[in-house]
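> If you're matching them up, the sequences are chains H and S in order. Taking this note's numbering, I'd label the letters of the first sequence as residues 1 to 672. Taking this note's numbering, I'd label the letters of the second sequence as residues 673 to 1214.
Worth flagging that the hints you see were computed from the coordinates, not collected in a lab. Please read all numbers here as calculations on a predicted model, not as lab measurements. Take these hints with a grain of salt, some might be off.
Stated by the list, open to error - Stretch by stretch, here's where chain H covers chain S in the computed footprint (C-beta under 8 Å, at least three residues):
(1) 698-708
(2) 896-904
(3) 1065-1079
(4) 1085-1099
(5) 1108-1118
What the hints assert, rightly or not - Just some of the chain H residues that point at chain S, by a computed CB distance under 10 Å:
(6) Gly95
(7) Arg96
(8) Glu130
(9) Val409
(10) His422
(11) Gly456
(12) Leu565
Think of the CB as a built atom: it goes at the ideal place given N, C-alpha and C, for glycine as much as any other residue.
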Amino acid sequence: MGSTWKVGIDIGGTFTDVIGINNQSGEIRTAKVRSQTRDPIASIVAAYHSIGVDWNNVDDLMHGTTLATNAIVEGNIAPVALIATEGFRDTIEIGRQNRRELYQLHVTPKLPPLVPEERRIEALERIGPEGQVLKRLSENEAIRIAEVVGKLNVEAAAVALQHCYVNSSHEKKLGDRLAGAVKYVALSHEMSPEPREFERTNTTILNAALMPLTVGYLNKLQAGAGDTTNVHLFHSAGGMASGAAVKRRPLALALSGPAAGVAAAGKIATELKLGNAIGFDMGGTTTDTCVVIEGRVQVSSDQHLAGLPVRQLMTAVESIGAGGGSIARTLGTAVRVGPDSAGAEPGPACYGLDGVLPTVTDANMVLGFLSTERLLGGVLRLVRDKAETAMSTLGKALEKSVHETAIGVYRIANASMARALHRVTVERGVDARGCSLIAFGGAGPMHAVALAQEFGISTVVVPKFSSVFSALGCLTAELSYAEQHTISLSSLEWDQQRIDAQCQSMMDRLSAPVLAAGNKTGDIKASFVALIRYAGQSDSIEVAFELPCDPEILGRDFQARHNKLFGFTTDEPWQFETLRVTVSAPAQSNIDELQETVLQESTNPISVDECWFDAKGPVSTRRFERGALPVDWAIEGPAIIEDNWSTIVVPPGATAQLHRSGHLIIDTGVVS
Amino acid sequence: MTRKPITMPDPFTIEVIRNALTAIAEEMSLIVMRSARSPLLREAGDLSSALTDAKGNLIAQGRDIPAHLGVMGSTVQEFLKRIPATRLQPGDVWFMNLPEAGGNHLPDVKAIRPIFAEGEIQAYAVSLAHWADIGGARAGSYVPDARDAWQEGLRIPPLRVFTSEGADREKLDVILSNVRGAEEREGDILAQMASTYSADERMQEVFSRYQATVVQAAIANLHDQSEAEMRAAILTIPNGVYEGEDWLDDDGPGRDPIAVRVRIEINDDEATFDFSKTADACAGPMNATPFTASASVFYAMKVIAGPDIQPNAGCARPVNIITREGSLLHPPVDKPVVAGNHDTSQRIVDAIFKAFEKVVPERLTAGGSTTSGLLLFSGRDPRTGKWTTLYEVHGGGEGARHDRDGMCAVRPHMSNVMNTPAEVIEANYPILIENQALRRGSGGNGLHKGGDGQVRTYLINAAGLVMTTIVERCIVPPYGLQGGEPGKTFEITHEQASGEVSQLAGKTHVSLDKGDRIIIKTSGGGGYGTQNGNTANSTGRN
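So that you can see chain H by itself, here it is in the shape it has in the complex:
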């Protein structure tokens, strides 16, 4: 048999990105192909072909997918039966009783419940807040419920009983009975072992509703892969999971793609010793940001998906509805950029399709940053005239020249990005000015340096493989599983035995699939985080600790971190709210071992163009081919560095340098 490959694939909404490494020669191939929205397996096959591999010579496929996300967003999920505690079947319809929009009365204030009334069944049982059984679930009741569910003609059932996270016996009993009545069962104490019945129930229903689709997809994928390919999927918390694990918890795919990009950013932050960093992924319609603290990608268990609460550990990606396609328009005498977007079709005016409205990308075109020579992605030639026409229409309304208008739109886009950076860092208690910006995505590298200069950030990194960054995140991910569990223990009532036992049992449970995948005990890494707060606070602070858990160290670290975040600390007792455990095996490939194909080295620009960095006038700007840059050669701005998929703008005052790692590092000229 010939050489074999490891492949990372991210199936996105528009493009499927692929990166493969040859196990024998170390050769790397990357490509981007259009996604086949209705048939993700066809997207994988097309991606394989684009880099010249097939199922037979791929040993390992690691992939991210929007399968689950799209199903939720489009409401294309399976009907589910819900079993709730007696008196609580309406919880999902009442919700938290708040409305989505404060000032839009025509919008329905809440989303309709995920399960309609006729499929919501109450179980005669009740468990109290300390786990005490107030009303026992009888065997007959469990049988009765299984019978009722069996008649509902659904494939999946969700069980969410009150306080099951302290006593799961009733959920398990129902789960056993339901196994004979429906194909798929999701139990809420497994999906989200934390209080808050509305959020936990919704999370469990979503899991159950995704099971038929996901299991079907994975079975088909594994059939295609046969015995020769190991298939793993990228999960929302930032690692790889086996097909078997994902079949049990398909909601873990919710943030699959974006989380993979952020995971790669986290690794690069560690590799380059950047300390704190912000992943900045600016695409056509949205921009995702995420904070990386000391190489750790930030996760959170309290997020929303398509307006629905989701309680599971997920990479804390903050999305704003602004990107290269955001449309600029006047509002009275004022000017706004976004939130409307020209999307991929018709796209910005400069795409030369049918778009006529001025977008952020058109501003980049008018300012001279984007090339009309190079084909975008090798297929699309950008049209400068169309961008200028669109921009001057806006300019006329504002009595500004076309270049003044384009500069203005570019600045406003950066200002709204700056707002997103503020939000994502303040929420995490980090000063963005001390962070590096890791820019990827279609438009990220065009705006990153100017944004950083505006914000007071001194370093921008545009990583290698930035155009297939999520696929890179998949290829270099480790197998990892994470879970969190409510503890609610006051420092005054410290129970060492309980904490130790809980840590051990979670570690054992999470290690099992990692060991089953062939890893040795010694290679497995477990990390522990305590979520701690003062009594009465809502947000807990993450405090990492090592076994054995020492309450004195924990308390000291908590106070230090609280002081850093909020500027004060008190000597009150604190509360160990939640325990989070992550278990991982080492990755098969590391980013620093992967090298991009280097072209014939050259310090000659491919062209010198007139670019506008302010309204005073154009300046001669050298344009370089990224793949031809020599290592460590300093390029002073103004300059443009480009490849087939992205354009890096280096404004005056900034200096770009290709690091030997292959990443482009830009000193913005700002001292932070």
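Here the structure of chain H is known, so what remains is to put chain S in place on it, guided by the hints.
Chain S alone, transformed into the frame defined by chain H:
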């Protein structure tokens, strides 16, 4: 001395500055929410943050909670009437809560910090937070039978609590000695202080990038933008005079409905809201300040005519609001006001909606559970021996609209506070939630039906608890529009362990024993149009 040249920034710079100022106000709210202790701030986000210019005109608001729309714009102006700007120093943080000084009710406490640049005060940062207790006759500071302002809690006039040297411990102790839960309150105070501190730091960055004159010119322009947006919104409503009225159930101790009346005059792009015919100030805590009234007016104008209007001082210019001194909406300072903030404010919106029914019914929503639906349980938890207070609000059915039914169990209009999950209640209070269900059939009939209310049963698991209710819509039901029927009213039942059953009034105070149950059934929404499809004007009240 030469005057600085006034440089008018271009529209792009203005938009960049607007983004920066809004980011600062947003950041203030995040800081309070993350570190504050009062459950209302954490879970419900009952807080607002804002920047004003040197005269106290609102520039940008972090989270525009409807009930605070009128307050944030008046706080600094009223503050400056009492404390001349010459007394203010960099690093100062002043606290105040007087309802008559740009306030709404005592629990909403404001922290104010002057922001200096180029040697002058350029702006103020204001952080408003609802404290879970501000002292007064009852835990939680909701006193349904209050007869004067002092029974409602600690009145804080403008008080410099922090200077550049740090906290003034004596003043802090005066406050903390007069509220319940001193530790929690100190946490709230520090959180509010921290949020204004961050605003100051961020504003210094803005002033390091742009000259103060440029920033001020940009702010003036933002005010002009909002004014233009509000004028455009008013223009969408036909000229005319429209009158509307709705009623509060009673003032607590009293038993007679109280009228809230509005006369609206739309004159091209200007509007006058005259509340002079509203009833006189009442004895109980249903009075509302003129600032609360203006919050209701701005909320109503936003939802009816301009949802995207940026709330700042500019949008107030074309709107004239008249409240009669001595009336329910402009009470003497000695009158209690605590419930006016979230219940009377809602009734003002209802009166405005009913006035507009004749002219823009398709933009309106029929009556809903326009009340906080507040049940406030307090007592000692036998498990911990600690005093504890559960403040729980209850939403009901949404009113129907011209094109759809109302939704079940939501908070309407001026408030959007969430419920507390049953699991959280049971883990923290000696209370068991026996059920939470829809109150089926409670929405009013019509071409489109009002949404259903909800039912929740609280089983009390400890002796010696007390409960306060502040619930409206127990007597006067949520109205239908265009012939739709009203929704059902709230019902609160007390089932005693002894077997005795009684219906409770909307504003009362009862002792609870172990084994007692409180069952609250919330109102349904009003219907829209008659069932046979007509949307003729409603037949009036019965």
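> Indicate, hint by hint, whether the structure satisfies it.
Taking the hints in turn, this is what the structure says about them:
{"no.": "1", "hint": "698-708", "verdict": "holds (count 8)"}
{"no.": "2", "hint": "896-904", "verdict": "holds (count 5)"}
{"no.": "3", "hint": "1065-1079", "verdict": "holds (count 7)"}
{"no.": "4", "hint": "1085-1099", "verdict": "holds (count 10)"}
{"no.": "5", "hint": "1108-1118", "verdict": "holds (count 3)"}
{"no.": "6", "hint": "Gly95", "verdict": "holds, 8 Å"}
{"no.": "7", "hint": "Arg96", "verdict": "holds, 4 Å"}
{"no.": "8", "hint": "Glu130", "verdict": "holds, 8 Å"}
{"no.": "9", "hint": "Val409", "verdict": "holds, 7 Å"}
{"no.": "10", "hint": "His422", "verdict": "holds, 5 Å"}
{"no.": "11", "hint": "Gly456", "verdict": "holds, 8 Å"}
{"no.": "12", "hint": "Leu565", "verdict": "holds, 8 Å"}
Hint violations for this structure: none, all hints satisfied.
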